[in-house]
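Peer 1: Sequence:
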Amino acid sequence: MDRLLRNTLAIVVTAGALGIAAAPVATAADQAQPMAGVQAAAGVQAQVRNPKTVKADAYNQARSILANAGSQTAAKSHPIHGKNDVPVSYGTGLLASARDEFRAADKNLPAGQKKSDMSIPHYNAIHNAAKVMGIDRW
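Under my numbering, think of the first position of the sequence shown as 731, with each following residue one higher.
Heads up, a few of these hints could be off.
[Claimed, not checked] Pairs of lysine-lysine, DSS-like flavour, derived with a Cα cap of 25 Å: (1) Lys813 / Lys845; (2) Lys785 / Lys813; (3) Lys844 / Lys782; (4) Lys806 / Lys861; (5) Lys813 / Lys782; (6) Lys813 / Lys837; (7) Lys861 / Lys845; (8) Lys813 / Lys844; (9) Lys785 / Lys837; (10) Lys844 / Lys861.
[As the list claims (entries may be wrong)] The following label-pair restraints were derived from C-beta to C-beta distances: (11) Lys782 / Pro840: 32 to 42 Å; (12) Pro809 / Pro840: 30 to 40 Å; (13) Pro817 / Gln843: 31 to 41 Å; (14) Lys837 / Arg867: 52 to 62 Å.
It is worth saying that the hints were derived from the structure and are not from the lab. The structure presented is a predicted model; accordingly, all values stated were derived computationally and were not measured. A virtual CB, placed ideally from N, CA and C, is assigned to each residue, including glycine.
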């Protein structure tokens, strides 16, 4: 009986010591995992929220970028004046309209000349305009 009790206690103490030694490693892995999940879900880009407002100058610059790339929607929209900033929905709406317009115009291009269902110059224009306004999602 003493041998059984002694062996059981030795196993419990050893298991406890291993659990304590492994706890910092498990904690570090748990802390690192959510970041890896965010990076994987975002395609190696961390997701950043859009700002609540966009500076009027940034909106006007983005509008010009899109109009110069051939967006009729951007060309027809009016420049912002008399205001310091506008709601982010102005910028996201401008980007979404240009994106849809570019995709419709580029639908017959070969797949090798497209990125995200639009020509590479159109894709670059959309992303440059978004960067100017500080918008990640539209």
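Peer 1: For each hint, tell me whether it holds in the structure or not.
Peer 2: Against the structure, the hints:
| no. | hint | in the structure |
| --- | --- | --- |
| 1 | Lys813 / Lys845 | violated (35 Å) |
| 2 | Lys785 / Lys813 | holds (9 Å) |
| 3 | Lys844 / Lys782 | violated (31 Å) |
| 4 | Lys806 / Lys861 | holds (21 Å) |
| 5 | Lys813 / Lys782 | holds (15 Å) |
| 6 | Lys813 / Lys837 | violated (37 Å) |
| 7 | Lys861 / Lys845 | holds (17 Å) |
| 8 | Lys813 / Lys844 | violated (37 Å) |
| 9 | Lys785 / Lys837 | violated (33 Å) |
| 10 | Lys844 / Lys861 | holds (20 Å) |
| 11 | Lys782 / Pro840: 32 to 42 Å | holds (40 Å) |
| 12 | Pro809 / Pro840: 30 to 40 Å | holds (36 Å) |
| 13 | Pro817 / Gln843: 31 to 41 Å | holds (35 Å) |
| 14 | Lys837 / Arg867: 52 to 62 Å | violated (23 Å) |
The structure fails hints 1, 3, 6, 8, 9, 14 (numbered hints given earlier, in ascending order).
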